[in-house]
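Student: Sequence:
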Amino acid sequence: MSELHIYNSYTREKEKFVPSVPGHVGLYVCGPTVSGESHLGHARPYITFDVVYRYLTHLGYKVRYVRNITDAGHFEEEGREAVDKVAEKAHLERLEPMELVQKYTNLFHWGMRLFNNAEPNIEPTATGHVIEQIQMIQDIIDKGYAYEVNGSVYFDVKKYADKYPYGKLSGRKIDELLETTRDLDGQDEKRNKVDFALWKKAPPEHIMRWTSPWGEGFPGWHIECSAMSSKYLGEVFDIHGGGMDLQFPHHESEIAQSTIAHGCAPVRYWMHNNMITINGKKMGKSYNNVIKITELFSGNHPMLEQAYHPMVIRFYILQTHYRSTLDFSNEALQASEKAFRRLWEAYEVLQKLTAPLNNTAADKELDEKVNRFCNECADFMNDDFNTAKVLANLFELAPIINGIKGGQIKQDALSAATYQLMLDTFKTYLVDILGMQPLQVQQDGKIDKVLSLLAEIRKDAKARKDYATSDLIRNKLAEAGVMLKDEKDGSVSWTIE
RNA sequence: GGUCACGUGGCCGAGUGGCUAGGCAGAGGUCUGCAAAACCUCGUACAGCGGUUCGAAUCCGCUCGUGACCUCCA
22 MSELHIYNSY
32 TREKEKFVPS
42 VPGHVGLYVC
52 GPTVSGESHL
62 GHARPYITFD
72 VVYRYLTHLG
82 YKVRYVRNIT
92 DAGHFEEEGR
102 EAVDKVAEKA
112 HLERLEPMEL
122 VQKYTNLFHW
132 GMRLFNNAEP
142 NIEPTATGHV
152 IEQIQMIQDI
162 IDKGYAYEVN
172 GSVYFDVKKY
182 ADKYPYGKLS
192 GRKIDELLET
202 TRDLDGQDEK
212 RNKVDFALWK
222 KAPPEHIMRW
232 TSPWGEGFPG
242 WHIECSAMSS
252 KYLGEVFDIH
262 GGGMDLQFPH
272 HESEIAQSTI
282 AHGCAPVRYW
292 MHNNMITING
302 KKMGKSYNNV
312 IKITELFSGN
322 HPMLEQAYHP
332 MVIRFYILQT
342 HYRSTLDFSN
352 EALQASEKAF
362 RRLWEAYEVL
372 QKLTAPLNNT
382 AADKELDEKV
392 NRFCNECADF
402 MNDDFNTAKV
412 LANLFELAPI
422 INGIKGGQIK
432 QDALSAATYQ
442 LMLDTFKTYL
452 VDILGMQPLQ
462 VQQDGKIDKV
472 LSLLAEIRKD
482 AKARKDYATS
492 DLIRNKLAEA
502 GVMLKDEKDG
512 SVSWTIE
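Everything in the first sequence is counted per my numbering, starting at 22 for the first residue and increasing by one.
Rather than coming from a laboratory, the hints here were simulated on the basis of the structure. These numbers were taken from a predicted model, which means no experiment stands behind them. Do not take every clue at face value.
As the list claims (entries may be wrong) - Here are the simulated DSBU-like cross-link-like pairs (lysine-lysine), alpha carbons at most 30 Å apart as the crow flies: (1) 214 x 164; (2) 448 x 467; (3) 221 x 194; (4) 37 x 189; (5) 222 x 302; (6) 448 x 497.
What the hints assert, rightly or not - Each pair of labels, with its calculated beta carbon distance range: (7) 26 x 508: 40 to 48 Å; (8) 481 x 438: 40 to 48 Å; (9) 32 x 283: 15 to 23 Å; (10) 396 x 509: 51 to 59 Å; (11) 438 x 473: 30 to 38 Å; (12) 192 x 163: 29 to 37 Å; (13) 41 x 410: 23 to 31 Å; (14) 372 x 409: 44 to 52 Å; (15) 484 x 301: 51 to 59 Å.
Glycine included, C-beta positions come from ideal geometry on N, C-alpha and C.
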């Protein structure tokens, strides 16, 4: 049995995973900024790290999963910005930050539920942790690595870099970063361009503001993650995840802040998922090429040929290793939809198969193959969460399962134990770890009764060779989104769109 | 400009030296009143050029191409 290895972005190597506290894992993932709707690109880290969370739990770790909500900062809502921020407006007409935050937080949660992402154990908000952030900033000032200018506080990166390996995570060299300073002369209050804000003074029109030792303002972008992760996971915790684009400057800054405040680097394993691209370009706000999650689910977007079920998106994401880029296209999503449908149906067939009672397999070679397919899944997950390979192996089982049902493979080809192993593998990997759910809505049984009746009438018609009637039933049901299938044994099954 | 990735069959995508994933699409076949599904068979691909090696998609070098980060960004 293999052991879990994780690719650590910090060392750029796969490392054996050993938690700092035996049996426990602290997992922190950068959450959404709730000033707008999440798009497909955002879905990737949340699904990726959901699987990480599920897998660690499966391995028996007690995981504390923390994912923040960034609800503080410089907030604008499309079409409601600038003007709304003017304080003279009547109160109810004004953009109320918490209203905005509430709206998009709810929408985010809605999306996460549909993706079947497990809820984090703690979902701290930045606005709820301003005190912790202020304390941390003060601590950094006291230690001489931050300075205050006109009500804002900046981190002294240059001083930090003299003593610590600033830029290691993102592969940046401090000297080069300092050099680029030249093209931006007159660079306001910072001592060096590389310095970043820990606290920003709030201009009069800024609506989100808190009192601090340095006047009214709001926390800088990076400090919230450091303050909240250390509060809930400790000064050193195991895994920090997020998108690759956050490596610099966000995560680099986190390391610097925490190193000064706590005297040690905060994270043991850094994990970064790659981007989703569209026509080869990163999907992102600045490229104006995003497809929002609501649009994906509804199909309401010029680039979408159809709506896509959340499980199809999830499957599509998990069919690729998380560190590879993943290109969006209707073709790819449609392929995923078909593929997932086939895989899930094989799983359902498997559950209905009558397992043999024999303890020995008639087809030893096949039996061994199936065992290998099943047992390899653990190795694949242990190899830096290779969900793509896990799915490939499950697909290998599909023709075997269908073959048994269809009679191409004899019932006793596999041993009873192997049947059970297949069942366990699907349940454990597809359902529990990859978090997949059926596309079909669970029916309450009434529909099934109606369909049974129709199937029976059709069966009678067929027996009388009244194909006009039997085809009418099938065609009309197809129009309604119900596919009837005549099985080999004379029974009829159906799937509902 | 600097730094770093990547370039796999029609499409999507695994793969860190030999055992040549997987999915979708396509072709042929079996089954079937028809249909759908399912099953069987079929593709020897790794940007180009050199090099290392008994042997490279996989290691090294160069060339070309694409992208990411350097500013808010999952």
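Student: Going straight from one Cα to the other, do residue 214 and residue 164 come out at no more than 30 Å?
Tutor: This hinted pair holds, its Cα atoms lying about 21 Å apart.
Student: Does the Cβ-Cβ separation between residue 32 and residue 283 fall within 15 to 23 Å?
Tutor: holds, 20 Å
Student: Is the distance from the Cβ of residue 41 to the Cβ of residue 410 consistent with 23 to 31 Å?
Tutor: holds, 29 Å
Student: Look at the Cβ atoms of residue 396 and residue 509 and judge whether their distance stays inside 51 to 59 Å.
Tutor: violated, 31 Å
Student: Given the range 29 to 37 Å, decide if the beta-carbon distance of residue 192 to residue 163 lies inside it.
Tutor: holds, 31 Å
Student: Starting from the range 51 to 59 Å, see whether the pair residue 484 and residue 301 falls in it by beta-carbon distance.
Tutor: Holds, at about 57 Å.
Student: Is it true that residue 372 and residue 409 lie within 44 to 52 Å of each other by Cβ?
Tutor: violated, 24 Å
Student: Between residue 221 and residue 194, is the straight-line Cα distance small enough, at 30 Å or below?
Tutor: holds, 26 Å
Student: Quickly compare the C-alpha distance for residue 448 and residue 497 to 30 Å and report which way the hint goes.
Tutor: Violated, at about 35 Å.
Student: Do the Cβ positions of residue 26 and residue 508 conform to the proposed distance bound of 40 to 48 Å?
Tutor: With a Cβ separation near 44 Å, residue 26 and residue 508 satisfy 40 to 48 Å, so the hint holds.
Student: Do the alpha carbons of residue 222 and residue 302 lie within 30 Å of each other, as the hint requires?
Tutor: violated, 36 Å
Student: Measure nothing beyond the straight line between the CA atoms of residue 37 and residue 189; if it is 30 Å or shorter, mark the hint as holding.
Tutor: holds, 20 Å
The structure does not agree with the numbered hints 5, 6, 10 and 14 stated previously, though it agrees with the rest.
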